[in-house]
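If you're matching them up, the sequences are chains A and B in order. Here my numbering is used: the first residue of the first sequence is 53, the next is one more, and so on. Here my numbering is used: the first residue of the second sequence is 53, the next is one more, and so on.
These are calculated hints, taken from the structure and not from any lab test. Mixed in with the good hints, there may be bad ones.
[To be verified] The following residues of chain B were derived to be distant from chain A, with all beta-carbon distances above 12 Å:
1. 103
2. 134
3. 188
4. 436
5. 546
6. 593
[To be verified] Looking from chain A toward chain B, a few residues come up when the C-beta cut is under 7 Å (computed):
7. 96
8. 178
9. 181
10. 182
11. 445
12. 457
13. 459
14. 585
15. 587
16. 588
Ideal Cβ placement from N, Cα and C applies to all residues, glycine included.
There are 2 protein chains.
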Amino acid sequence: MDTDILRVDMQSLRLKREMTNEAYRMLGGRSFIARALLNEVRADSHPLGRHNKLIILPGILGGTPAPCAGRLSAGGKSPLTGGIKESNAGGVAGHKLARLGIKALIFEGKPRQQGELYLLLLTRDSQELIPCPELKGLGVYEAAERLHERYGKKAGIILIGPAGEMQLTAAGITNTDMDGEPSRYCGRGGLGAVMGSKGLKAIVIDDSGTRAPGSHDKKRFNEIVMEIVRLIRETPQTAVVYRNYGTAALVSTTNAIGGLPTRNFSTGSFEGAERISGEALRNLILERGGLATHSCMPGCPIGCSNLLPGKDGKKLVSPLEYETIGLLGSNCGIDDLDAIGEMNWLCNDLGVDTIDVGGAIGVAMEAGLIQFGDSRGAINLIKEIGRGTVLGRVIGHGGALTARVLGVMRVPAVKSQIMAAYEPRGIKGLGVTYATSAMGADHTAGNTVRVDIDHHKAEGQVRASRNAQLTATIYDSLGMCLFVGTAVKGRIDLLADLVSSHLGVPCSADDLLALSRETIMVEREFNRRAGFTKAHDRLPEHFSEEVNPASGTVFDVPEEELDRIWDGE
Amino acid sequence: MDTDILRVDMQSLRLKREMTNEAYRMLGGRSFIARALLNEVRADSHPLGRHNKLIILPGILGGTPAPCAGRLSAGGKSPLTGGIKESNAGGVAGHKLARLGIKALIFEGKPRQQGELYLLLLTRDSQELIPCPELKGLGVYEAAERLHERYGKKAGIILIGPAGEMQLTAAGITNTDMDGEPSRYCGRGGLGAVMGSKGLKAIVIDDSGTRAPGSHDKKRFNEIVMEIVRLIRETPQTAVVYRNYGTAALVSTTNAIGGLPTRNFSTGSFEGAERISGEALRNLILERGGLATHSCMPGCPIGCSNLLPGKDGKKLVSPLEYETIGLLGSNCGIDDLDAIGEMNWLCNDLGVDTIDVGGAIGVAMEAGLIQFGDSRGAINLIKEIGRGTVLGRVIGHGGALTARVLGVMRVPAVKSQIMAAYEPRGIKGLGVTYATSAMGADHTAGNTVRVDIDHHKAEGQVRASRNAQLTATIYDSLGMCLFVGTAVKGRIDLLADLVSSHLGVPCSADDLLALSRETIMVEREFNRRAGFTKAHDRLPEHFSEEVNPASGTVFDVPEEELDRIWDGE
Numbered sequence: 053m054d055t056d057i058l059r060v061d062m063q064s065l066r067l068k069r070e071m072t073n074e075a076y077r078m079l080g081g082r083s084f085i086a087r088a089l090l091n092e093v094r095a096d097s098h099p100l101g102r103h104n105k106l107i108i109l110p111g112i113l114g115g116t117p118a119p120c121a122g123r124l125s126a127g128g129k130s131p132l133t134g135g136i137k138e139s140n141a142g143g144v145a146g147h148k149l150a151r152l153g154i155k156a157l158i159f160e161g162k163p164r165q166q167g168e169l170y171l172l173l174l175t176r177d178s179q180e181l182i183p184c185p186e187l188k189g190l191g192v193y194e195a196a197e198r199l200h201e202r203y204g205k206k207a208g209i210i211l212i213g214p215a216g217e218m219q220l221t222a223a224g225i226t227n228t229d230m231d232g233e234p235s236r237y238c239g240r241g242g243l244g245a246v247m248g249s250k251g252l253k254a255i256v257i258d259d260s261g262t263r264a265p266g267s268h269d270k271k272r273f274n275e276i277v278m279e280i281v282r283l284i285r286e287t288p289q290t291a292v293v294y295r296n297y298g299t300a301a302l303v304s305t306t307n308a309i310g311g312l313p314t315r316n317f318s319t320g321s322f323e324g325a326e327r328i329s330g331e332a333l334r335n336l337i338l339e340r341g342g343l344a345t346h347s348c349m350p351g352c353p354i355g356c357s358n359l360l361p362g363k364d365g366k367k368l369v370s371p372l373e374y375e376t377i378g379l380l381g382s383n384c385g386i387d388d389l390d391a392i393g394e395m396n397w398l399c400n401d402l403g404v405d406t407i408d409v410g411g412a413i414g415v416a417m418e419a420g421l422i423q424f425g426d427s428r429g430a431i432n433l434i435k436e437i438g439r440g441t442v443l444g445r446v447i448g449h450g451g452a453l454t455a456r457v458l459g460v461m462r463v464p465a466v467k468s469q470i471m472a473a474y475e476p477r478g479i480k481g482l483g484v485t486y487a488t489s490a491m492g493a494d495h496t497a498g499n500t501v502r503v504d505i506d507h508h509k510a511e512g513q514v515r516a517s518r519n520a521q522l523t524a525t526i527y528d529s530l531g532m533c534l535f536v537g538t539a540v541k542g543r544i545d546l547l548a549d550l551v552s553s554h555l556g557v558p559c560s561a562d563d564l565l566a567l568s569r570e571t572i573m574v575e576r577e578f579n580r581r582a583g584f585t586k587a588h589d590r591l592p593e594h595f596s597e598e599v600n601p602a603s604g605t606v607f608d609v610p611e612e613e614l615d616r617i618w619d620g621e
Numbered sequence: 053m054d055t056d057i058l059r060v061d062m063q064s065l066r067l068k069r070e071m072t073n074e075a076y077r078m079l080g081g082r083s084f085i086a087r088a089l090l091n092e093v094r095a096d097s098h099p100l101g102r103h104n105k106l107i108i109l110p111g112i113l114g115g116t117p118a119p120c121a122g123r124l125s126a127g128g129k130s131p132l133t134g135g136i137k138e139s140n141a142g143g144v145a146g147h148k149l150a151r152l153g154i155k156a157l158i159f160e161g162k163p164r165q166q167g168e169l170y171l172l173l174l175t176r177d178s179q180e181l182i183p184c185p186e187l188k189g190l191g192v193y194e195a196a197e198r199l200h201e202r203y204g205k206k207a208g209i210i211l212i213g214p215a216g217e218m219q220l221t222a223a224g225i226t227n228t229d230m231d232g233e234p235s236r237y238c239g240r241g242g243l244g245a246v247m248g249s250k251g252l253k254a255i256v257i258d259d260s261g262t263r264a265p266g267s268h269d270k271k272r273f274n275e276i277v278m279e280i281v282r283l284i285r286e287t288p289q290t291a292v293v294y295r296n297y298g299t300a301a302l303v304s305t306t307n308a309i310g311g312l313p314t315r316n317f318s319t320g321s322f323e324g325a326e327r328i329s330g331e332a333l334r335n336l337i338l339e340r341g342g343l344a345t346h347s348c349m350p351g352c353p354i355g356c357s358n359l360l361p362g363k364d365g366k367k368l369v370s371p372l373e374y375e376t377i378g379l380l381g382s383n384c385g386i387d388d389l390d391a392i393g394e395m396n397w398l399c400n401d402l403g404v405d406t407i408d409v410g411g412a413i414g415v416a417m418e419a420g421l422i423q424f425g426d427s428r429g430a431i432n433l434i435k436e437i438g439r440g441t442v443l444g445r446v447i448g449h450g451g452a453l454t455a456r457v458l459g460v461m462r463v464p465a466v467k468s469q470i471m472a473a474y475e476p477r478g479i480k481g482l483g484v485t486y487a488t489s490a491m492g493a494d495h496t497a498g499n500t501v502r503v504d505i506d507h508h509k510a511e512g513q514v515r516a517s518r519n520a521q522l523t524a525t526i527y528d529s530l531g532m533c534l535f536v537g538t539a540v541k542g543r544i545d546l547l548a549d550l551v552s553s554h555l556g557v558p559c560s561a562d563d564l565l566a567l568s569r570e571t572i573m574v575e576r577e578f579n580r581r582a583g584f585t586k587a588h589d590r591l592p593e594h595f596s597e598e599v600n601p602a603s604g605t606v607f608d609v610p611e612e613e614l615d616r617i618w619d620g621e
């Protein structure tokens, strides 16, 4: 099936639909973003200036019945890291874009007048930029509600909150789930600020009257889909653990090995871990009549999402995930799931990354602005973001900037992006990923927590991270959830079969791995042009010099090994 | 004469006096700092961490009767730019250190407990670290007064203010002039924060009982000194202009060519320029009984400094200089010398760079926090720094960080350091220096404003900047005021003669130029290791894309020329 690129010039407000260049045919999600940014954006341009571009698109398998393959990717030069960025999320928008035959949305330029605000309405037959001053400053929940009223409950919505409008560099881009809830965040790297700089508040996708994109060999495609679904249903991690406990199941796992970030990453285990664990969360949800199993997109047989009601039984937030619990919880010394849920909802509503804001609150606590464990103080700090005060802006720019302003040296960040909820001295493979990924400290870029390895030893971590990074890049390009990988494990051939039967071109596991490696090289080349060197592929020095009391280790993977990570197979 | 390096370990509080390594014999000031930092400090270490070192020393000619040769250099890895930094100033401390036979002070490590505060007392016979909790948080004026009471009026004092103690990255290091006034600032690059990170509030230098360092060929040395003094007295710029009007004479010069930064560098001429000009300043000073001619160090026949009284006839500030007038004045739309003088005093007292704080206030005005021209608002912003509020900390971290926090794209900075008072589209040679200097946007690194060239044309600017940078590095290494260069012009041979007759080693003009070039290469190598590439040797994109209305030009020196600046002779 033919798909087009839709270019949207935010200065002239002109739209142009163009056929996809042959070179982009095999690319989707992250691999498309890498290549298009390198080709089209000067790496040294200002990330919030008119030369940067915002790219939003599904993965290669978007719109198909392949399980969990509707993830939405957003990309651009990051105003947080200064390097290349792709961030992806579940929700319904990825599938819907694919059903409209849209390969990618590329937003260029920026409005002449600061403060102009538009929404892009996409239907089967039309695409239109519409001024939307009435949405200015609205939180994503209210904005989504209004847009659903106007364009129908079934429309998919991609959206930024006030933080994105204010161009705060920890702002994310959200999209709606099957319940219409706007809480599926492409959260990392400040892409919400890029969207804000373009004067774009929302993209509304009405895919009524469309069909799923046809596959070249539908029969074969469906066979593999069935095989993958079978694997998901037979694998305990996806069939039982994620299904019942969601990602929060990880709390006990990481806490046990000294890998749960606690009080600004000063240690890796938390005395309140049990109270914020997957078990505690499940009990709380079931007790209040919420959903402990929930899917964020059509065709997901895992259901790792959840819906947490508050004390009054009404919905508090959906989903509450491990990364948020780690950063806004243990990292802030907070063991109260209701408080964490409230913080999560506030961050979502304002449109900021819970990881970077959690990091910011952690350093603010280390600086003594408020005390560790002070959940009311933490909630107030998040509310400051919405008020647009100088303090709020500082927090909304993320943890690295907050540390710089407040004079905190121990900042858990690489390339100015806060680490996810894996302490890098306790789980050293993640430390390697944080250091070497072009994306900055990102867990999804190459998570080693489930690799069968001694996480406290330096040996083998570079290899483990490399493998995880190569695999992750494939999923990020297919638009497929990483958790499918937990079930299919090393069966990259199954994914290759999906691609070849869908597109009708030969594709082997080796082809996918080559595409993945090439994508990573393109990303590194963009960063090289943007001014990054191996000096940026490092963890902050205190992780190598101060012992994590919970693991008894420092981060000691040799720098020469980090520098040679891409020399290996 | 033999001189020693005094190493001060701020963790163990141990001092060690060691003979100067032969390789450092011909080095002083900036050239010493470059080599010592490359040899001793990991370029990727945290600038406020224990691995950074603070180096304070005179130039090669420090302590001698050579005119204007007592400048004090401070250096370290900059917490503002992340690169190498040397900043120097007049005052008495440089000469006094040399008279004590101290080649350089090198401060290493940092106290185990944050908040510990020490002063280093140096006399002819002793050197001692003394706890000084009683000086905590004191402005430099009061701190200097107390130290003068305790150690005598004649002691030279090197000092940081509250901004340095707070480790704000626009903090400078000051030292006292001949009146005991602590307002000679090594202002740029945040070296005051490095001093603060080491828990060092002050260095008190009592040089009683010492003599000037002897020169190898005293007769020849004195002959050249007389020759240079003669040139200074015969050159109109040094004998008349600087003497009568100080550096403020530049206001009319730069304003006329569209090179006076105005309202956050949005244009290069200011409707209020006449009211802040050298003439206006001189008239105001004379009217109030101040000093329009004033020397900052012994042996200065120029006297470009001044003493401005307030409306009540009491001293307001000394000196008030061009850079401060440009950044806190026209750049903020302020044309009131009394207000600028008050802001200058406040910045001095807190110990922050007037250039970077002026840049910060300019971007705060562009962001709408206060209005351009609002001198009361500007004064309050500076006072915020002293209050230690989040807003104050933001401002005290300088203009680039302030712009990032407030979301201002048009930030006049390179390598996160605010440009000095030369608009780079109106005076393109300065643009080249800003872009290519390892120091960030620094005017003293290579000032082309007096070069006989069309400042609006791109042609020849790279060559002009290269020559200026090579010459400046010589003066910065000799410890000699750049204004001597205005008088001796191209006679580098005179400076070489001074060095050889002083040290008793052969030294030609070519040797000095070679030393200068090598110093610049060492600085670039440090920055390379710290993660800098040619992507950092650029002006912000708006200077190339938006016309300076006052000059009718954009900055259009080709990037390839910038990248090849050190390929040329």
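Each hint, compared with the structure:
Against the 12 Å criterion, residue 103 of chain B falls within the reach of chain A, whose nearest CB is about 7 Å from its own CB. Taking the minimum C-beta to C-beta distance to chain A, about 9 Å, the non-interface status of residue 134 of chain B is violated against the 12 Å cut. For residue 188 of chain B, the shortest C-beta to C-beta distance to chain A comes to about 16 Å, beyond the 12 Å cut-off, and the non-interface label holds. Once the 12 Å rule is applied to beta carbons, residue 436 of chain B is inconsistent with being away from chain A; the minimum gap is 10 Å.
Once the 12 Å rule is applied to beta carbons, residue 546 of chain B is consistent with being away from chain A; the minimum gap is 41 Å. Distance to chain A contradicts residue 593 of chain B as a non-interface residue, since its nearest Cβ pair spans about 6 Å, not more than 12 Å. Proximity of residue 96 of chain A to chain B holds as hinted, the smallest CB-CB distance being about 5 Å (cut-off 7 Å). Interface restraint check: residue 178 of chain A against chain B, minimum CB-CB distance 33 Å, threshold 7 Å, status violated.
This hint is violated: residue 181 of chain A has a C-beta 23 Å from the nearest C-beta of chain B, more than the 7 Å allowed. A distance limit of 7 Å between C-beta atoms decides the matter here; for residue 182 of chain A the minimum to chain B is near 25 Å, and the interface restraint is violated. Annotation: interface hint on residue 445 of chain A holds; nearest CB of chain B at approximately 5 Å, less than 7 Å. With a least beta-carbon distance of about 5 Å to chain B, the hint placing residue 457 of chain A at the interface is held under the 7 Å criterion.
A distance limit of 7 Å between C-beta atoms decides the matter here; for residue 459 of chain A the minimum to chain B is near 5 Å, and the interface restraint holds. For the restraint placing residue 585 of chain A at the interface with chain B, the shortest Cβ-Cβ distance is roughly 5 Å, inside the 7 Å limit, so the hint holds. For residue 587 of chain A, the interface hint holds, since its Cβ comes within 7 Å of a Cβ in chain B; the closest pair sits about 3 Å apart. Against a cut-off of 7 Å between C-beta atoms, the interface hint on residue 588 of chain A holds, since the closest Cβ of chain B lies about 5 Å away.
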